[in-house]
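Chains P and Y, in that order, give the protein sequences.
Mapping the first sequence onto the working numbering, position 114 (from 1) lands on 117, and the numbers just tick up by one.
Mapping the second sequence onto the working numbering, position 19 (from 1) lands on 688, and the numbers just tick up by one.
Be a bit skeptical, because a hint or two may be false.
Said to hold, decoys possible - What the simulated footprint calls covered on chain P by chain Y, stretch by stretch (three residues with Cβ under 8 Å from a Cβ of chain Y suffice, anywhere in the stretch; the number is not a length):
(1) 15-29
(2) 168-177
(3) 234-241
As the list claims (entries may be wrong) - Calculated Cβ distances over 12 Å to all of chain P for the following chain Y residues:
(4) 704
(5) 736
(6) 753
(7) 840
(8) 846
What the hints assert, rightly or not - Calculated cross-link-like contacts (lysine-lysine; reagent style DSS-like; alpha-carbon spacing at most 27 Å):
(9) P:21 with Y:889
(10) P:230 with Y:936
(11) P:21 with Y:964
(12) Y:867 with P:151
(13) Y:752 with P:102
(14) P:251 with Y:997
(15) Y:936 with P:247
(16) P:199 with P:56
(17) Y:861 with P:151
(18) P:232 with Y:964
(19) P:16 with Y:954
(20) P:233 with Y:954
Don't read these hints as lab results, they were simulated from the structure.
As the structure is a computational prediction, the values presented were derived from the model and not from experiment.
No residue lacks a Cβ here, since even glycine has one placed at the ideal position from N, Cα and C.
Letter by letter, the chains look like this.
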Amino acid sequence: MKILVCMKQVPQKDAPLKLNESGTWIREDVSYEVNEPDAYALEEALRQREKHKGEVVVITSGPARAQQVLREALAKGADRAIHLEDDKFVGLDAFNTAKAFAAAIKDEQFDLIFTGLQSDDYGYAQTGVILAELLGWPHATIIMQIEKTDTGIRVKRELEAGYFQYVDMPTPAVLTIQSGINKLRYATLIGIKQAKNKPLKKVSLADVQSAIGENLQKIEKLYVPQKTKKTERIEGPPAEVAKKLVDKMRNELRVL
Amino acid sequence: MPDTILVVVEQREGKLNRVSWETITAGQSLAAATGWTLEAAIVGANAASMGAEVATKKLAKVYAVQSPKLEPYTADAFAAGLKQFLASKQPKLVLMPHTYQVRDFVPKLATSMGRTVISDCIGFRHENGKLVFTRQMFQGKLAADVSFACDAPWFATFQNGAFRGDKAEDGATAAHVETVALEIADNVIRNKPQEVFKEAKQAVDLTQAEIIVAVGRGIKEQKNIEIAKQLADALGGDLAASRPICDSGWLPMDRQIGSSGQTVAPKLYLALGISGAIQHIVGMKGSRTIVAVNKDAEAPIFEIADYAVVGNLFDIVPPLTEEVKKAKAGG
Ligand SMILES: Cc1cc2nc3c(=O)[nH]c(=O)nc-3n(C[C@H](O)[C@H](O)[C@H](O)COP(=O)(O)OP(=O)(O)OC[C@H]3O[C@@H](n4cnc5c(N)ncnc54)[C@H](O)[C@@H]3O)c2cc1C
Ligand SMILES: Nc1ncnc2c1ncn2[C@@H]1O[C@H](COP(=O)(O)O)[C@@H](O)[C@H]1O
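Extracted from the complex, chain P is given alone in its bound form (with noise of 0.2 Å):
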């Protein structure tokens, strides 16, 4: 099988953000990690070649910094990397990336391709199911197992509120990989070493421009969200903290 995983640079969980000069992005001197599902879906993709052969290959796209995410795959175990490479791919809307990866990708013939379900920055959720029209292929989203068999995949849809659905789907297709569909492996120290051999190509905005158009939607101001509820700071050391949260929870909740 030869996998395509789509893996996103985006700003740490815990990073406090501030915001650009025009409100329109953030300022991008914090710290990055790989999008959290995206990491899942390259885990699921190392195992699928484990069992069935093939290639694993990672695209991303993203300014220098965004390398770090292909790195780290390629030491995990992946074959190849493909990096999209420019400030101005930030900036695309879910249409244009997947329209910069199709393009990209126009010469390789993929079995699969996984995209995280969402990303931590933006949270479109929908690039993986946009670059599968584009492509023609079907897709499936939010999966939680991905099985092989005789005339395509079988997968296992997540759905709300603890309900599941499997689905048989013939390839090529797009699948949105969902956290928790497998364990996480580290690299290891050999895989670390191994990846400065791996091959990554680098692919730049010119390259892919003729695939892709004006942005289809805008953002025309970003800011901290307004709070709505009324909420009571509780301060103080701890101890204080601790005895004024009791306090509350006996006079004023009567959980006590």
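The hints should help you fit chain Y with the ligands onto chain P, whose structure is shown.
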């Protein structure tokens, strides 16, 4: 002809998903702001059977968009069918709830029409003739106003809970229900979905719990969960967690709270090191009192907390446990 807003409600096996009423409320509010006409569509093999129920709301018209091919649900059939229907009706704005099903087909539908979806919106504003949709970004830490930069039809989906379903206005008279039969070719549908099922019955039922101590990734390591467990035990409450804790196998899946876990409404919900992503919040926002401990003063969990403790949970929780024990012992 005036512009129209079309709300596509969601149904499964002849039952309307209640979140559909929220989308109708959103549509009514948008119609009031823009002066556009509001219509609704039910999509499914037996859509007409739900027509009367939807038609009670204040809507100019209800379409029952039908084809046997729409059952069971597939993204292929829904996208192909709705594309056909939208091409004939040409609404300006198409609204849907941001459900798992909608996430599965609406990006495909919009892409097939060369259009875009502003997804998971929590509100909108109509100012000086311009319509902007508000959505959360960066896991709720920031919000964005987003506008369409393409021709209609425009697609937007609304987050669960963004509007109140019980505020959907009834119409003076029932709206007219028109049945539309779609032609969906055989070779359109590529996926074969099997029956929907629920995993073997859960061992832990948190829905009746009165006190819940929930841990998130702020707990850092599996062994630290003990700290929260001691607090839960002292309080006589149950231990629960955010998804990443269960994904890592630190606590069993049946202790997960949120859209893909349990929905709870205890008297007291103590959130320790939980950021407050919407998928977690939908599972616990009905709690009578929410106490959140988080070292990040900007964490979205504080938006819904009644009591906020900005601090390190490892400093706060152990003395809190002691204090609770003292109180219980009659101190
Ligand atoms: C389709 C879908 C379904 C999902 N379903 C669910 C679901 O059912 N339930 C669910 O929970 N999530 C669900 N998620 C995941 C959800 O989006 C979030 O990723 C998840 O809830 C985050 O968990 P968290 O708050 O524990 O972790 P994080 O977001 O990483 O937050 C950790 C928090 O801990 C704080 N912290 C760190 N150290 C300390 C310390 N020492 N003291 C105090 N605070 C500290 C940090 O400031 C941070 O706010 C779902 C996502 C998707 C896309
Ligand atoms: N710039 C990017 N680079 C790599 N993968 C991406 C990028 N943008 C989106 N993706 C993939 O698409 C998934 C869904 O993202 P989104 O549609 O933004 O929620 C992510 O989990 C990634 O797998």
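Results of checking the hints against the structure:
For the stretch 15-29 of chain P, the proposed coverage by chain Y is satisfied: 6 residues have a C-beta within less than 8 Å of a C-beta in that chain, meeting the threshold of three. Coverage of the stretch 168-177 of chain P by chain Y holds [criterion: at least 3 residues with CB-CB distance below 8 Å; count 6]. A stretch counts as covered by a chain when three or more of its residues have a beta carbon under 8 Å from one of that chain; for the stretch 234-241 of chain P and chain Y the count is 6, and the coverage holds. With a least CB separation of 22 Å from chain P, residue 704 of chain Y remains clear of the 12 Å interface cut-off, as annotated.
The Cβ of residue 736 of chain Y sits about 19 Å from the closest Cβ of chain P, beyond the 12 Å cut-off, so the non-interface label holds. Every CB of chain P is more than 12 Å from the CB of residue 753 of chain Y (nearest about 16 Å), matching its label as outside the interface. For residue 840 of chain Y, the requirement that its beta carbon stay farther than 12 Å from each beta carbon of chain P is met, with the minimum near 29 Å. With a cut of 12 Å on Cβ distances, residue 846 of chain Y stays outside the contact zone with chain P, its closest approach being about 27 Å.
For a cut-off of 27 Å, the pair hint linking residue 21 of chain P to residue 889 of chain Y stands: about 25 Å separates their Cα positions. Between the alpha carbons of residue 230 of chain P and residue 936 of chain Y the distance comes to roughly 23 Å, so the proposed pair stays at or under 27 Å and holds. At most 27 Å may separate the alpha-carbon atoms for a hinted pair to count; residue 21 of chain P and residue 964 of chain Y meet this at roughly 17 Å. For the given pair, residue 867 of chain Y sits about 23 Å from residue 151 of chain P by alpha-carbon distance, which is consistent with the 27 Å threshold.
Proposed proximity of residue 752 of chain Y and residue 102 of chain P is supported: the alpha carbons are some 21 Å apart, at most 27 Å. Pair hint residue 251 of chain P plus residue 997 of chain Y holds up; C-alpha atoms about 14 Å apart against a cutoff of 27 Å. Under the criterion of a C-alpha separation no larger than 27 Å, the hint pairing residue 936 of chain Y with residue 247 of chain P is consistent with the structure, at around 18 Å. Of the supplied pair hints, the one linking residue 199 of chain P and residue 56 of chain P holds, its CA atoms being roughly 22 Å apart against a limit of 27 Å.
Note on residue 861 of chain Y and residue 151 of chain P: the hinted pairing holds, with a Cα-Cα distance of about 15 Å set against a maximum of 27 Å. The suggested pairing of residue 232 of chain P with residue 964 of chain Y holds, with an alpha-carbon distance near 19 Å, which does not exceed 27 Å. For the hint pairing residue 16 of chain P with residue 954 of chain Y, the CA-to-CA distance comes to about 22 Å; that is within 27 Å, so the pair holds. For a cut-off of 27 Å, the pair hint linking residue 233 of chain P to residue 954 of chain Y stands: about 14 Å separates their Cα positions.
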